[in-house]
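Chains as they are written, first to last, in the working numbering: chain H, 1 to 596; chain W, 1001 to 1596.
If you are wondering where the hints come from, they were derived from the structure by calculation, not from laboratory data.
By construction, the Cβ of each residue, glycine as well, lies at the ideal position given by its N, Cα and C atoms.
A few of these clues could be false.
[Unchecked claim] Computed Cβ-Cβ distance ranges for the label pairs, DEER-style: (1) H:D503 x W:D1485: 18 to 28 Å; (2) H:A467 x W:T1329: 31 to 41 Å; (3) H:D503 x W:D1482: 18 to 28 Å.
Number of protein chains: 2
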Amino acid sequence: MTDYAAPLADMRFALTEIAGLPEIAALPGCEQATPDLVDAVLEEAGKLAGGVLAPLNQIGDQQGSRLENGVVRTPTGFKDAYARYVEGGWNALPFAAEHGGQGLPVALSTAVLEMWNSANMGFALCPLLNVGAVEALEAHGSEEQKRLYLAKLVSGEWTGTMNLTEPQAGSDVGALRTRAIRDGDHYRITGQKIFITYGEHDMAENIVHLVLARLPDAPPGTRGISLFLVPKFLVNADGSLGPRNDVCCVSLEHKLGIHASPTCVLAYGDNGGAIGTLIGEENRGMECMFTMMNSARLNVGLQGVAIAERAYQQARDFARQRVQGRPVTANAPGAYPIIHHPDIRRMLLLMRAQTEAMRALAYYTAGAIDWARRDPSGERRVAEQRRVDLLIPVVKAWCTDLGVEIASLGVQIHGGMGFIEETGAAQHLRDARIAPIYEGTNGIQANDLLGRKLLRDGGMAARDLVAEMRGIAPQLTSSSSDDIDALHGPLDAGIDAVVAAVDWMVATGEADAPRALAGAVPFLKLMGVVTGGWLMTRGAVAAQRRLQSGEGDAAFLKAKLLTARFFAEHVVAMAPSLLPAVTGGATVMGFDLDQF
Amino acid sequence: MTDYAAPLADMRFALTEIAGLPEIAALPGCEQATPDLVDAVLEEAGKLAGGVLAPLNQIGDQQGSRLENGVVRTPTGFKDAYARYVEGGWNALPFAAEHGGQGLPVALSTAVLEMWNSANMGFALCPLLNVGAVEALEAHGSEEQKRLYLAKLVSGEWTGTMNLTEPQAGSDVGALRTRAIRDGDHYRITGQKIFITYGEHDMAENIVHLVLARLPDAPPGTRGISLFLVPKFLVNADGSLGPRNDVCCVSLEHKLGIHASPTCVLAYGDNGGAIGTLIGEENRGMECMFTMMNSARLNVGLQGVAIAERAYQQARDFARQRVQGRPVTANAPGAYPIIHHPDIRRMLLLMRAQTEAMRALAYYTAGAIDWARRDPSGERRVAEQRRVDLLIPVVKAWCTDLGVEIASLGVQIHGGMGFIEETGAAQHLRDARIAPIYEGTNGIQANDLLGRKLLRDGGMAARDLVAEMRGIAPQLTSSSSDDIDALHGPLDAGIDAVVAAVDWMVATGEADAPRALAGAVPFLKLMGVVTGGWLMTRGAVAAQRRLQSGEGDAAFLKAKLLTARFFAEHVVAMAPSLLPAVTGGATVMGFDLDQF
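So here's chain H without its partners, still in its complex pose (with noise of 0.2 Å):
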């Protein structure tokens, strides 16, 4: 019941209509990323995710991880699986050759990285936390930090973390109190940290965290932000493990999901001060932060496509062995598998849309990050980082408000049984639930996307991706299909809907912030719908063109097409009907506090 296999068809569909992978491969540096290759990567992938990860996810969170005198024991067969996970060269996928890594497009190594999170988002959280130390070291690290720690940390022998929040420091990151002190050529850290993902394990032989800390001398806020590399072991000059640090984990939290992994409050410098050296510039800390923080909420963004995925699949396989009642479809008398019943059908197909939709815009990001870095053209890098910047919240918030809803409509299809632990569909809803919350709760989001993405360019970046929305009309006029016919109106009011919104956003933006910031994230919502909903368009048109040539599997097309049709019915027509949430802060903001 609670199987999980990698859906292959859509994920390469995905890949080459709307991210471009193969346009991708042939750009300098992918030229390794052949169609072979790809394939061979998502079949394997999908295997050890199917075959190794996903029978340990319920385990994972029935077990939990537990702390035993300082020491934090993963449940049963995690360490074993993490091994088998490292030593198949799949922690090494997503990073550049020049540091051990396989230097696949980001493209591909999304759709593995989605993988990892359906077959078991607590262990998956593990190397999604290292990518974050990994790329902070090959952006700022010296070049003693990345001859000691960069190839254990690529090839996944170590793990890294990222320590930011202390209890009064969460989404006010320049709050933080912990200390460093200058010692020498390193520095002594001091103070606590919480909510430190996978702090503390027994799956590595080392773990490097990524601290966050204050000298003395430091400027108040973010500007008086330094990041440090705090080892769990010292690494001696030869590479080899020296003593233990001064850091330790104090305790875990008894969170309401992802309980395998544990989320640790570690201690600094009980003892004298936890031996650290700095990465990039005093004081410069957030910067360092920031040059990671694209790849994380992508990252994020794509657990909320993931899990969504995963209660897809265990609602689908529920829905078709459940016996119970006779559908109005029926003609014979006796009882059917519930997946007849016309709201099943709904339910089922309102998951896979959005989840389809959600796959779509993350992979179309994850491909522009590859032209960003990668086309030989700056005016095309240019535009595509600036295109990457404004949708990376997107990603984030839609995808992981999108995970929560649609793993409660797969608690919803299993009736009485969705409530009922054993059977699985519930662990999914608290899984998810956690992913609107970290690397930036979806409000932060909604606020970058307000402030640094819109109001900054005064809308360009929104314009330009509106334009190209709107090339597609011709495209649809031509069509000979109902279903592609059927998008046109609900897209064009969608766009339109932007348009306004996107208007009313810069003329107001500026001259009075607090009734824009009230329309934020019912403005991310309305973005994040009919990106969704251009790129679903995208595929039905791809779609049909490859059924015309007769291209495929014609079941499987068919299918594409009347998602995205159900997607325009069910969730693209919503679009005009968010804008006077967008524009009604006024509302917001004349509620009286003292009458909440």
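Following the hints, position chain W against chain H.
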């Protein structure tokens, strides 16, 4: 952080202005519901809910009920709390005076029931199930059954349960297999029932199971089901307790939420058959069940309201206390409580406005039950009953779906702390998740709305409601308030959408039932959104009237106006956009089952 204070101001407002309690109190048989008594009941219930039941809510979640050697132990404090609840006469509140109840209006007892469920949903489920047993006995019990059982069930000294579900018979009750064999003046019951709420516990000295079972010569399906009364301890003719009956709890479910409420697997007849007596006539058990369906569904809908209120209060209190970052509204530097941030305010208002709209709908429907029972005019009684029947599935499904969404928003407002179980916000989400499932899944509710409530009378009840909703227009155009003026457009467009949906459903329902059924849930949501918007508009008009006459708390009334406006902008505005989903059944049914 997990305090609860009954929202007396909004409860009184909804009872007075929406349910029409003052007018209901003038109906024959309701005379005792004087303003003073109503106030006293609300105040005292609020004290018990806030002071006794609410502090046990998290304990109940953490400990859960436990099965030890066939005995179910409820969490610490539950037994004492239940004793206080019974001693205070609270259990008798909703019942007719002739059976020892207090004979108060349903509207009032609905408000009180909301409090129990806000304070402690796991606790409140025990009396909630008991209501069904009392109603079944009142309507269908023999004189002997009434004499022996009714007074004890009304007082709460004994508790009642509903035994419908079996592993193969959930939504399809007709598939049940539990057997009943005639044995003199009683019956012997054998079989296994699952999902029996408070099927075994230690809070009362006897438990009265109402059990659906099948006689050997019964017709198949729902026409061959009979209802039996099967007590845990047999009751002697003098009312004293006799020997233990042949029914026992063999296991408890491990659930996502409502941990305090024991969800039992009950085994009947392991030692020769449990002794039961027939309620009503043989093979008419489903009819007996239908008599209690309206109040059971209203009360489960109310759980959605209740958990939303509790989640709102907790999120609001957290937002007032949690200091994090400098909001854009702040003039001075420093950190502020997060309630100052525009998006936190938006989320709080989304919780609050929808909670108030749900409360209005639930109390309105409860008031209509009073009129349907008590109005001297037979014509009015029929019309009110038609309104009740139409709205019951809307109350059940719309309020419980929103209960989940609102509890999830409560988690989001807490940020990272919301994902930590000790905070308590996550419990509300876990608890809320059952309500869209039990007492008929929300898909079943939508089928009921479409089939029994809309198509059976050709849309008459729905069109009566539309006509009454249209009737508010003159009060909106004549108002001098901008806030009321702003309600008019969205409400009008929403009612237009309801009309279009009703027309389409009536035209399609007979001709193409699968297509209509595929749109049943979006149709129900449309009905909830627009009816909720109408009642919020009625509330706004009343608030404006009171403000102009200088009557009542001006700050509360101004908030009421703004909350209605927020609801119009964020919720009612979406009504027309639901139409493509309501009418999009062809896409749903066109999807190939093999392609899921």
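Hints versus structure:
1. H:D503 x W:D1485: 18 to 28 Å: holds, 24 Å
2. H:A467 x W:T1329: 31 to 41 Å: holds, 35 Å
3. H:D503 x W:D1482: 18 to 28 Å: holds, 23 Å
Hint compliance for this structure: every hint is met.
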